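Participant: Residue numbers (the numbering used here), protein chains in the order written: chain B, 64 to 394; chain D, 64 to 394.
Note that these hints are calculated values from the structure, not bench results.
Since the model is a prediction, treat every value here as computed from it, not as a measurement.
No residue lacks a Cβ here, since even glycine has one placed at the ideal position from N, Cα and C.
Pairs of lysine-lysine residues, derived as DSS-like cross-links and limited to a Cα-Cα distance of at most 27 Å, are as follows:
hint, chain 1, residue 1, chain 2, residue 2
1, D, Lys-66, D, Lys-243
2, B, Lys-138, B, Lys-390
3, B, Lys-67, B, Lys-243
4, B, Lys-66, B, Lys-138
5, D, Lys-271, D, Lys-237
6, D, Lys-172, B, Lys-172
7, D, Lys-237, D, Lys-138
8, B, Lys-104, D, Lys-172
9, B, Lys-172, D, Lys-104
Among chain B residues calculated to face chain D with C-beta under 10 Å, some are:
hint, residue
10, Ile-114
11, Asp-148
12, Ile-376
Single-letter residue listing:
There are 2 protein chains.
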Amino acid sequence: MTKKYQVVGIGNAMVDVLAPCEDSFLAENGIDKGIMQLTDKARGVELYGLIGPAKEISGGSAANTIAGIAHLGGKTAYVGKVKDDQLGEIFAHDLRAQGADYETPLAPKDHEAETGRCIVLVSPDGERSMNTYLGVTEFLGPDDIDEAQCADADWIYLEGYRFDGPTSVAAFDKAIAACKGAGGRVSVTLSDPFCVDRHRDAFRALIKDHIDLLFCNRAEMLSMYETDDFDAALAQAASEVEIVACTDGADGAHVLSGGQRWHAPAMPVQIVDATGAGDLFAGAFLWALTNGHDLETCGKMGCVAASEVISHIGARPEADLHALFKKQGLL
Amino acid sequence: MTKKYQVVGIGNAMVDVLAPCEDSFLAENGIDKGIMQLTDKARGVELYGLIGPAKEISGGSAANTIAGIAHLGGKTAYVGKVKDDQLGEIFAHDLRAQGADYETPLAPKDHEAETGRCIVLVSPDGERSMNTYLGVTEFLGPDDIDEAQCADADWIYLEGYRFDGPTSVAAFDKAIAACKGAGGRVSVTLSDPFCVDRHRDAFRALIKDHIDLLFCNRAEMLSMYETDDFDAALAQAASEVEIVACTDGADGAHVLSGGQRWHAPAMPVQIVDATGAGDLFAGAFLWALTNGHDLETCGKMGCVAASEVISHIGARPEADLHALFKKQGLL
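Required output: the full structure, derived from the provided sequences and hints.
Facilitator: So this is what it looks like as structure tokens:
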């Protein structure tokens, strides 16, 4: 029987606050370039006071992935917590307007935290440095998981960042049990090398026990297996997980499964804003996989989608990805 | 004695919600292309539910003008009302981060209205159709005018849209008296042909009695003088006001003063989003004027600034306008 959803994604719901900056600004303000740093509310407010004029665009790693799947016409839903406030309304609108289902209960107006936001500082080279105030997304817990929804999904997709919250790990467990119990499969993204560092044991246990498809990039892969040997890390991951899809920056992506390995090239593109590259890779990959494409094509579509999203400000697709896939002979 | 401000602007404070759309969407939803339409909150909510994923970028016509002056390094301040809510915080941040002073009292959290927003639908040809929920900006009144600030300005700049609010007209009167009483001068933008239509008598009285510099575009000029004869309308305006600066779309802008007339050509540019073209024309014009440039150069700088802002999404400058002026031999 066909399930209602190709993919249900779970992650940090937030709105991105995107501002250009010089690399010197990062150095002066103690911001590490190219990674995600968690900030408390006070630091978030302080940093917001320092940056220039910004644009607000819905973000959140797994939410970007789900938006990509919805953009491609996939049947998809998202689970992540926003508040009953203006930024929460924006987040929910943008996801639903893209065609994804989104019914996670709102944190009430009197909640002390607000909808999460991520100050994304975009350097002249297009690299992004993220400063995340989690807000109410931190409080995602098992009660926010609709077991029937997870059971009605071919795949669930878990955002590694959410391992920073204990109740969210319990939410993941509940979603995994519901999905697997109904014959579905489980994918995860490692999200960030420092996030891997914070939760390596939990990630390793999850991967060995439950994961069918692992998304990551080179730095996360090396962090996960605590090695400098990329090929060895890929091989180890492939021995533990049915499908490994590892992006590698300008070198595209590597896909490993069943003893085979494919390489998908990165598309030549002027990088305006790297935010969302990995998210859209995963979105296109999952859409392709659940539409019956072979793994090599999944990887190639992932790279095309990533190239689209880094060619403009913001982490959600703007150009027609179907048209771009056709142009590359993938559809 | 040098005054603290080159320009103090007064207008509708709001955040733009920008979304691409096909022209057929406008027709299906009864939206007139290329103009501003006021909506109540219910219609705003309905329309927001119909549009696709959007981006939020601070807007407001006079606020865009003031942001342009601040971007150029001008000493400038803005007066316009937002609420103590997330969108109000965004609006205030973006203006201050650009270098403008902004101290208008916030509408309190328990105000029934919210910070104003404008749903800007951008057609494939770059034309924008604006649907404005005014929110608390409607309540701008005389108490929000700091007479000392207006007295300390070489120019004040009044946004025609705000003629839709009776208490705001009283606020304008207070600002004009304070500014003129201290030897300052007064500029106004007509904002929109239908706004002119709604308040023609008030505009005409204002122009004759108080205005030293009139900004408008061709459609607004024709509406103001209820004629199809553009040159006759320009001549009439020039007989009533010391300086007339009238934009004319792809034909650039016309500047009239003291019996002379100059033409500034539009810059060749791919129109991505026409939002803010007139606002940035006025911003660059006022910056140039208050920095001692001749009127022909003011018009040319206005056209260069307008061309920058229509080349990207959003109504605030992104590229370095000084550099663009230099490239055109204007600095």
